[in-house]
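Peer 1: Take a look at the letters that make up each chain.
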Amino acid sequence: MTMHAELGINRTGISTSPALTQDMLAGREEFPPDVAGDERNIALFRAESVQQWNEPLGSVPPPTTVKGMVKSGVTALKGESPVLLIDKLGARLAFERTGVRLYEALLSKFDATGGFDAGPTRVELEGILEDEFNHFSLLKEALTQLGADPTVMTPSADLQATIGAGAMHVIVEPRTNFAQCLEAAVTIELVDNESWDALTALADQSGQRELATRFKAALVQETMHLLHVRRWLANSQGITRSDATT
Amino acid sequence: MSIDLLNDRGTPLDQQKFTWKELVQPTYSKLDDDAFTRVRVILMNGIESDQLRFSHACSRMNRVLQRDLARLRRVEQHQQTLINWLNPADQSVLETTIGFEQVAIEVTAALALKEPDPYLAQVYRFGLLEDFDHMYRYGALMDRVEGKDPNNLLQSYTDVLPGRPTSLQHRHPDDEIRNHYDRESANLRTKLHAYTLVAAEFQTHDYYMTVGPTYFDPIGRQLYAEIASIEEQHVTQYESIIDAGETWLEKLLLSQAMEVYNYYSCVQSERNPRIKAIWERFLDYELGHVRYVADLFENHEHRDAASVLDTKLTETIDFVSHREFVRDVLRKETQLTASGPNFIPMAEEPKNGPSQRYREQLNSEGEATERVAAGYEWAPGTELARKRPAATPVQPNLHA
Chain A
18 MTMHAELGIN RTGISTSPAL TQDMLAGREE FPPDVAGDER NIALFRAESV
68 QQWNEPLGSV PPPTTVKGMV KSGVTALKGE SPVLLIDKLG ARLAFERTGV
118 RLYEALLSKF DATGGFDAGP TRVELEGILE DEFNHFSLLK EALTQLGADP
168 TVMTPSADLQ ATIGAGAMHV IVEPRTNFAQ CLEAAVTIEL VDNESWDALT
218 ALADQSGQRE LATRFKAALV QETMHLLHVR RWLANSQGIT RSDATT
Chain B
337 MSIDLLNDRG TPLDQQKFTW KELVQPTYSK LDDDAFTRVR VILMNGIESD
387 QLRFSHACSR MNRVLQRDLA RLRRVEQHQQ TLINWLNPAD QSVLETTIGF
437 EQVAIEVTAA LALKEPDPYL AQVYRFGLLE DFDHMYRYGA LMDRVEGKDP
487 NNLLQSYTDV LPGRPTSLQH RHPDDEIRNH YDRESANLRT KLHAYTLVAA
537 EFQTHDYYMT VGPTYFDPIG RQLYAEIASI EEQHVTQYES IIDAGETWLE
587 KLLLSQAMEV YNYYSCVQSE RNPRIKAIWE RFLDYELGHV RYVADLFENH
637 EHRDAASVLD TKLTETIDFV SHREFVRDVL RKETQLTASG PNFIPMAEEP
687 KNGPSQRYRE QLNSEGEATE RVAAGYEWAP GTELARKRPA ATPVQPNLHA
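Residue numbers (the numbering used here), protein chains in the order written: chain A, 18 to 263; chain B, 337 to 736.
The hints are simulated quantities; they were obtained by calculation from the structure and are not laboratory data.
Yeah, the Cβ is synthetic: ideal placement off N, Cα and C, and Gly gets one too.
Honestly, I wouldn't trust all of these hints.
So the derived list for chain A, only partly shown, Cβ under 10 angstroms to chain B, looks like this [what the hints assert, rightly or not]:
| # | residue |
| --- | --- |
| 1 | 28 |
| 2 | 54 |
| 3 | 57 |
| 4 | 62 |
| 5 | 187 |
With beta-carbon atoms standing in for the labels, derived distance ranges [stated by the list, open to error]:
| # | chain 1 | residue 1 | chain 2 | residue 2 | range |
| --- | --- | --- | --- | --- | --- |
| 6 | A | 176 | B | 429 | 53 to 59 angstroms |
| 7 | A | 64 | B | 406 | 51 to 57 angstroms |
| 8 | A | 33 | B | 702 | 35 to 41 angstroms |
Same shape as in the complex, but just chain A:
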């Protein structure tokens, strides 16, 4: 498998069949739209649906036990909402757990295709996988400390899983090459960096200083992941990025 798409007989564009396309276009005049309007009808329908449904994705459950809640000090959480912190901790936990599986899949692709010059070594990929697992474990511990159930899929966890689903699809698809998989991985790392940054600030504002310190260390590792993946991706395309590590 090559690192880049090659010339071939892609049939999706109109240049494959110019005569058929002309015939197709000729029909527009004879058979015009049956209803007047434009895509704003869809926008209106969406707005109506938001009002009609008036339901969230789901909720954050209360702490598992009152005892656990008191012991953990969750009632003493400062800031806007302790629920928000639990929701976002749940999101990071789920994302990191999926991240472990995602890097396992990336390693499979690496083993199958052999990587490329100036790309990652297997050990480097294993290192990121290890970090993802450690972050998952850290979040599990944090949620338990706060009296929350670390097995819950919180609304933010569900949201980020939906956002990230495409990246996993690309990596496990047998026909994608390693460079294409790095393109998927970089989107995951971007989301992860942004989210760890926000989570660290949220923990800090919630009075969870010790957690915030540990999260900051995780964020430093995530920043390195992003820099590495960006560099490998750039190298796979033969381009130089000023913000990539050397």
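For chain A, the structure is supplied; the task is to place chain B on it using the hints.
Peer 2: Only chain B this time, still in chain A's reference frame:
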């Protein structure tokens, strides 16, 4: 070339075997393969799924056949798996939907052109214009919700234009029952056409019912719901043209012959050599099934299978663009509706009749098919290649 249904023996049932690796093999390419390869895969998945559907119904009603049907069905189930898993994972639910409608348009047109019974040919043209309109609505959905060009899938073979508006297709169930062919006098080809279409439409209905709720945008969820309802009407229509006087085993025999007809058509037209080899293999399997069922038929009914399968297959389904034929039908028959088994101009539909009341009730709070495609005109590279998005009708001055 022709196929002798009873004398071309094919692969005996007990030699029809698979491995998991064979069942889940590399897919076709959404980008590089010809659109009709996708059409054939979607069609044949529908054909196989109907074998399972019918076989289970038959089993429930015929204890004596259960073991034989179970043996046959196991192979059919694996055939369906192998075929359906040829669809690539990078083909989204909506992209596959565009494929389903391309099947409905091009295969129905092909059969309408070859149907010897003029009434049934009209039934097919009637259904064709409705599926044609579904393509337009789904095309608008793809363009306007996902910013993608439906013609990436269609490859310019099939139009994206309004047909008989879907909002007018909703009819009372009584107006979906058509006249049926006569099992004694009907041409075998007529029977194979009817069996093919009921299978294809049934699978289309099942697919929309499965994937519709997975669509995120509410307009898409409602669109799938509305079109699925029409597909149910179509199943009812096509089912009703089949003579209900056929015995269970006669129907089973015709079902197997219909599969031969379809695989034979696929073999004749497939350009992807790897996929063609699958069609060839399954053509041999189906000939084996015909033989297997013919033996059952002769043993249980004490009739010669040749009394049902009385001719060789010489004709095949033409997997080609039927643009001119479809447009001709559009010009002449868009304004038709159904009144019982008959087709009448929409203007003559009884005022306050069952279909009109049914439609008014369903559409009384608006319908997605009109909303999604309001003013929609397909253009190469999507609507946005021709005009600005409606939300920003005036060129903004970004530097002001």
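Peer 1: Indicate, hint by hint, whether the structure satisfies it.
Peer 2: Status of the hints after comparison with the structure:
Residue-level restraint check for residue 28 (chain A) holds (minimum Cβ-Cβ distance to chain B is 5 angstroms; threshold 10 angstroms). For residue 54 (chain A), the interface hint holds, the least distance from its beta-carbon to any beta-carbon of chain B being 3 angstroms, beneath 10 angstroms. Restraint check, residue 57 (chain A) versus chain B: the minimum CB separation of about 5 angstroms is within 10 angstroms; hint holds. With 10 angstroms as the threshold, the beta carbon of residue 62 (chain A) comes within range of chain B, its nearest partner Cβ sitting at about 5 angstroms, so the hint holds.
With a least beta-carbon distance of about 8 angstroms to chain B, the hint placing residue 187 (chain A) at the interface is held under the 10 angstroms criterion. Checked against the hint of 53 to 59 angstroms, the C-beta distance between residue 176 (chain A) and residue 429 (chain B) comes to roughly 20 angstroms, which is inconsistent with it. Distance hint for residue 64 (chain A) and residue 406 (chain B): a CB-CB separation of about 53 angstroms, consistent with the stated range 51 to 57 angstroms. Distance hint check: the CB atoms of residue 33 (chain A) and residue 702 (chain B) are about 38 angstroms apart, consistent with the given range 35 to 41 angstroms.
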